[in-house]
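Got chain A sorted already, so can you dock chain B with the ligands onto it with the hints?
Order-wise, the sequence lines are chains A and B. Each residue of the first sequence is one higher than the one before, starting from 1 at the first, in UniProt numbering. Each residue of the second sequence is one higher than the one before, starting from 1 at the first, in UniProt numbering.
Only true hints are included.
Some chain A residues near chain B, calculated using beta-carbon distances under 10 Å:
1) Asp180
2) Glu185
3) Glu196
4) Lys200
List of simulated lysine-lysine pairs, DSS-like, C-alpha gap at most 27 Å:
5) B:Lys191 x A:Lys188
6) A:Lys277 x A:Lys200
7) B:Lys32 x A:Lys188
8) A:Lys200 x B:Lys107
9) B:Lys190 x A:Lys188
10) B:Lys190 x B:Lys32
11) B:Lys65 x B:Lys191
12) A:Lys36 x B:Lys138
13) B:Lys107 x B:Lys65
14) B:Lys138 x A:Lys188
Simulated from the structure, these hints should not be mistaken for lab results. Even glycine gets a Cβ: it sits at the ideal position worked out from N, Cα and C.
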Amino acid sequence: MNPSIPKSGSVQASQAKQPAATRIKLPEDRFDSRLKRTGFNLLPPLLTFVLIFVLWEALIWLLDIKLVILPAPSGIFGELFGEFSFYLPHIWLTFYEAVLGFMLGMAAALLLGVLMSQSRLLERALLPVAVMANVTPIVAIAPLFIIWFGFGALPKVLISAICAFFPMLINSITGFRAIDDNNHEYLKSLHASRFEIFLKLRLPNSLPFILSAARTCMSMSVIGAVVGEMSGASKGLGNVIMVSSNYMQMERTFAAIFLLAIMGIGLTSLVRLAERKLLHWHSAE
Amino acid sequence: MSYISISNLSKRFVRRGQWTEALSSVDLNIAKGSFVSFIGPSGCGKSTLLRIIGGLMKAEEGGIKVGGRSPQEMQADKQFGFVPQAPALFPWRTVLQNMNLPREVNKRSRTDLAEDEADPIELLQAVGLGDFLHAYPKELSGGMRQRVGIVRAFASGAPILLMDEPFSALDEITREVLMHQLVRIWEQHKKTVIFVTHNIQEAVYLSDQVVIMSSRPGRISRVVDIDLPRPRGEKIIESPEFYQYVVRLRESLRERWEA
Ligand SMILES: Nc1ncnc2c1ncn2[C@@H]1O[C@H](COP(=O)(O)OP(=O)(O)OP(=O)(O)O)[C@@H](O)[C@H]1O
Ligand SMILES: [Mg+2]
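Same shape as in the complex, but just chain A:
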């Protein structure tokens, strides 16, 4: 009397016959486990931050450090949440400048990258100019932009765009070029046009390169916007830092720095999200 053996055997057999059915179930499980995984991934860094703030607070209390040198986290967060309506327009402006600059720099870099990847001559002619623009410290150019384009958002957007431009240019050229020879020859055997080879092979091939550059460019463009604001502005988080540190309002300075850090993390995570959505086919993901 042993009915369990044939039974389990038949269950296995029917499962083996329907791999499609088992695969359909997966997304739910994955959603659940992804939620857990996100929690797991967030927990350690969160704990580290809490620990740092606690130590920081304790140190200030123990060593009796003066407010003008280093404010306590409790004071910084008090300032931040107490006066949040003061920060809101500044956050918005810096965010706007950085994102617009990012998009502008990225668009220009991609356009030029397409052209330069198609012509070695163009690359040799233009790359040195791009390299020179890249090695010149942006802080040195920023005041010029303020003189040329005024105190408004425009010079900040431009500086931010310049900061985002170079990494995107270099990476997109690499991505357009680093195609698999087999795939290239395969398209040629079908008599695909140069445009088709670009569209079907070079462009999708460059996606991992472009998105990984986008992460760098995103933080670069925030830096660009802040540098611009520090070189001459009446608004924005960079300006808040300049003014408040001149007046020794350390809690405000730190609050603005925290906000910039959070903005940087938020924006780069957005790029990461896009990476995960767009590159599911990529083996490194």
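This is chain B with the ligands only, laid out in the frame that chain A set:
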């Protein structure tokens, strides 16, 4: 009546100021609908010849006509299904999307071929990939990827298939399974297949003709007709006739090696 006719064809490469004679006065006729294998030592110009037939390269001397036209004209009409050594699958495309690639490019040419196209899903099912239509290449094993590459060539409707050592990176068992699957599909679809290989058994089992090449300079040293019955089942491999062909090919290959 030959479909592909090659006469007195030579191809040279320059590398670091030195000439390499990759192919030297090659003459060959291939009938329409036949399965022809090329076998020979490494560097004897098999891939080069395949590329010249497919219009991917031009020879300096001699003539080549495919279906009465130049390889470039045939290529412009998408008459070739190319299967390179590593399967040219685009990683951002699913299996089915990769199968559709030949249809998506060079659209101007496809007027007369459309009716020859085979159902890609049916073909994938025939090689045991029915459950992987929407899988990405990274989710497939090497053998599965190679199968997609081969089946894609059959599905495209191209009458001439050019395969450059499609099984060379596979283990023995997978290679055998794919070999049987390939012969079965071919016997159904009757395309002209040019098949480069290093494996003698494979060449005998699959082909109507085996072209033996020798190197330095690359030339054709012998063409052997394989008169084994079709359809070819797995039993043929154990038959004495099959064995005789294998021995004959091995001997003539060894002669060329030692010569
Ligand atoms: N693009 C190229 N540039 C220079 N030399 C080449 C090129 N392609 C092939 N050759 C040379 O031509 C000769 C034949 O090469 P080919 O790739 O056709 O050999 P093969 O028979 O396919 O070899 P294998 O079995 O190793 O694939 C070799 O000596 C090789 O060095
Ligand atoms: Mg080769």
